[in-house]
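Each chain, written out:
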Amino acid sequence: MGGKLWLIPAAVVFLLPAIGQVTDKRDLGGPGVWSLPSIPEPSPAGGVPFNPKGKQVWEERRLTKAADPEKQCLPSGVPRIMYEPYSVEFLQLPNRVVIVYEGGTHIFRSIPIGTKAGLKHPVDPNPTYMGDSYGWWDGDSLMVDVVGFNDRTWLDASGRPHGEKLHVVEKFTRLNSSKLEYTAMIDDPEYYTKPWTVTMTATYRPNDRLKEVICQEQTAK
Amino acid sequence: MWNVPYIVNLQVNAHDEKGCQYIYPPFKPAAKALWEQRELKDLEKDDPEGFCLPPGVPRMFFTPYPLQVYQMPDRLLFVYEGGAHVWRVVWMDGRKLPNPDDVNPTYLGYSVAHWEGDTLVIESNGFNDRTWLDASGHPHGEQLKVTERLTRTDFNNVKIESTIDDPEFYTKPWTVVTGITWAPNRTGPFTMRGGEILEYICQENNRDLIHINAVPHTNTVR
Numbered sequence: 000m001g002g003k004l005w006l007i008p009a010a011v012v013f014l015l016p017a018i019g020q021v022t023d024k025r026d027l028g029g030p031g032v033w034s035l036p037s038i039p040e041p042s043p044a045g046g047v048p049f050n051p052k053g054k055q056v057w058e059e060r061r062l063t064k065a066a067d068p069e070k071q072c073l074p075s076g077v078p079r080i081m082y083e084p085y086s087v088e089f090l091q092l093p094n095r096v097v098i099v100y101e102g103g104t105h106i107f108r109s110i111p112i113g114t115k116a117g118l119k120h121p122v123d124p125n126p127t128y129m130g131d132s133y134g135w136w137d138g139d140s141l142m143v144d145v146v147g148f149n150d151r152t153w154l155d156a157s158g159r160p161h162g163e164k165l166h167v168v169e170k171f172t173r174l175n176s177s178k179l180e181y182t183a184m185i186d187d188p189e190y191y192t193k194p195w196t197v198t199m200t201a202t203y204r205p206n207d208r209l210k211e212v213i214c215q216e217q218t219a220k
Numbered sequence: 000m001w002n003v004p005y006i007v008n009l010q011v012n013a014h015d016e017k018g019c020q021y022i023y024p025p026f027k028p029a030a031k032a033l034w035e036q037r038e039l040k041d042l043e044k045d046d047p048e049g050f051c052l053p054p055g056v057p058r059m060f061f062t063p064y065p066l067q068v069y070q071m072p073d074r075l076l077f078v079y080e081g082g083a084h085v086w087r088v089v090w091m092d093g094r095k096l097p098n099p100d101d102v103n104p105t106y107l108g109y110s111v112a113h114w115e116g117d118t119l120v121i122e123s124n125g126f127n128d129r130t131w132l133d134a135s136g137h138p139h140g141e142q143l144k145v146t147e148r149l150t151r152t153d154f155n156n157v158k159i160e161s162t163i164d165d166p167e168f169y170t171k172p173w174t175v176v177t178g179i180t181w182a183p184n185r186t187g188p189f190t191m192r193g194g195e196i197l198e199y200i201c202q203e204n205n206r207d208l209i210h211i212n213a214v215p216h217t218n219t220v221r
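Protein sequence lines, in the order shown, are assigned to chains A and B.
Residue 26 in numbering that gives the first Met the number 0 sits at position 27 of the first sequence; the count goes up by one each step and never skips.
Residue 37 in numbering that gives the first Met the number 0 sits at position 38 of the second sequence; the count goes up by one each step and never skips.
The shape of chain A in the complex, shown without the other chains (with noise of 0.2 Å):
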C-alpha cells in the first residue's frame, strides 16, 4: 500500500497547472478584482539611477517629511497607483481598456488600444496626475505608455520624484488565473541618469468586489 504513496504528488504535480490556467490569457477580468501590493519604497535590481538633482529632492523630502500628496487625497498617479494596497478592476471593450481603482480616491484611467505602430499622444497634452495613456497587445501582454504627466505626485510612499517629462511603460501580464505580473519602466532624465523599473504581483480575489474608499471623507469636516 505504501509503495502507492508517490501517486500522490504525482498528481498534485500534474494537476498544479491545470488549477491555475486561464483559457485567455489577455483576459483580465473574471468574477472578482485585483487585490494590489503595497510597496511604500520599491527597490528595483541595481537601485535607484538617481541623478543629483533627483537624489537631492527625495532626501529633502525625507528630511523635512514633506506632506505625500496622497495624503490630501490627490491622485496617486501612474505607477503608483499599481502598488497601493487597494484592489482592481480591468473592464476590457473592443478599443479600449478601463482600470477602475477601488482607492486612489475611486478614480478610473481610460487606455485606448491600438497597435504599437499606431503609438500616439496629444502633441502637448495638458499635465494630469494620470497621464495621457495609450496601450496595445504584445502577445499575451498589455502595454501601456503613459506620458503627459503633472508633477505633484511622488512615485512612492518615500518621496522619489518625476517631473512632467516623466514617460512610464507599464507591461500587465496575467501568468495564470490567480496572478498578474505588472513592471513599469520609468524614464524621467530630469531625475534619473537611465530608465528604472518597478516589478509587482498582483493577486486575484474571486468573487470579491470593488468597494467605495472616499479619501476626501477624511479631510472633508
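Simulated from the structure, these hints should not be mistaken for laboratory data.
Every residue, glycine too, gets a C-beta built ideally from N, C-alpha and C.
Check each hint, because a few of them may be wrong.
Unchecked claim - Cβ-Cβ distance ranges computed for the label pairs, FRET-style:
#1 A/P205 with B/N103: 12 to 22 Å
#2 B/A29 with A/K119: 53 to 63 Å
#3 B/Y5 with A/K178: 42 to 52 Å
#4 B/H113 with A/M184: 42 to 52 Å
#5 B/A29 with A/K178: 48 to 58 Å
#6 B/P183 with A/L118: 19 to 29 Å
#7 B/K40 with A/E180: 49 to 59 Å
Given the coordinates of chain A, work out where chain B should sit on it, guided by the hints.
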C-alpha cells in the same frame, strides 16, 4: 461624451406622479426645515460637493462635467470628468437590488438596471446620508431609493427621469426630469482631445471653501 447640465435646485424640475409641478417637493416637516437651513440660512456653504466628495445619485446627472458610458454585457460603467473624477458601476447581469441593510452605505450606492423597451431603468439603494440631492441641499438619508429612467429621445439627447423615494424625508416619491446632451468629438478649452473626457481633480484646488465657510475645519489641500 455626454454633456451634463448644472441644476442647483431640483424643485424647478420636480413633479408628482400625475405630472403636476411642485412648488416644494413633498417634504416632511423636518426635511423642509433642514433644506431651509442649508439653502436660505447657510447659503449652501456646507455642500459636501464643495469638499470634493462624490455628488451621489442622481446628482451626478446635475453636476456639470461631461461623462462617458461604457456598455458591457454584464454592466454599465459611467466615468465622470468632474464630481471627484469617479466611476459608477451599474450591474446588468440580472441581479436584484440588495437589502440595504446588507451593504456598506456608500456615496454612489448599489445600482442595478434593466431595459424596458428602449428605456434603461436604473434602480439604486445602499446610499450613505452624506450627500445632498442638489446644490440647494435637498436632504436624503440611508433609506433613499433612486430610480433613474434614461430614454434616448433622439441621437443627441437622453431624457432622465429620476424618482426619489425616501420615506424618512418625503411623504411620497417625487420625480425630476432632466437630460444630458451628446457632444461629438468636441474640441475646445475644456475638452482638448476629441471625444475624451479630461482629468478634473477637485481636491487639487479646494482652497477657498475655508474662507467662505463660517465654521473652521481642516481642509484637504493647503
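Hints versus structure:
The hint said 12 to 22 Å for the Cβ distance between A/P205 and B/N103, and at roughly 20 Å that hint holds. As the Cβ distance of B/A29 to A/K119 is approximately 57 Å, the hint placing it in 53 to 63 Å holds. Roughly 46 Å separates the CB atoms of B/Y5 and A/K178, a value that falls within the hinted 42 to 52 Å. B/H113 and A/M184 have their C-beta atoms about 44 Å apart, which keeps the hinted 42 to 52 Å range intact.
Taken as a hint, the range 48 to 58 Å holds for the pair B/A29 and A/K178, whose Cβ atoms sit roughly 53 Å apart. At roughly 25 Å, the beta carbons of B/P183 and A/L118 sit within the given window of 19 to 29 Å. A C-beta distance of roughly 57 Å is found between B/K40 and A/E180, which places it inside the suggested range of 49 to 59 Å.
No hint from the list above goes unmet by this structure.
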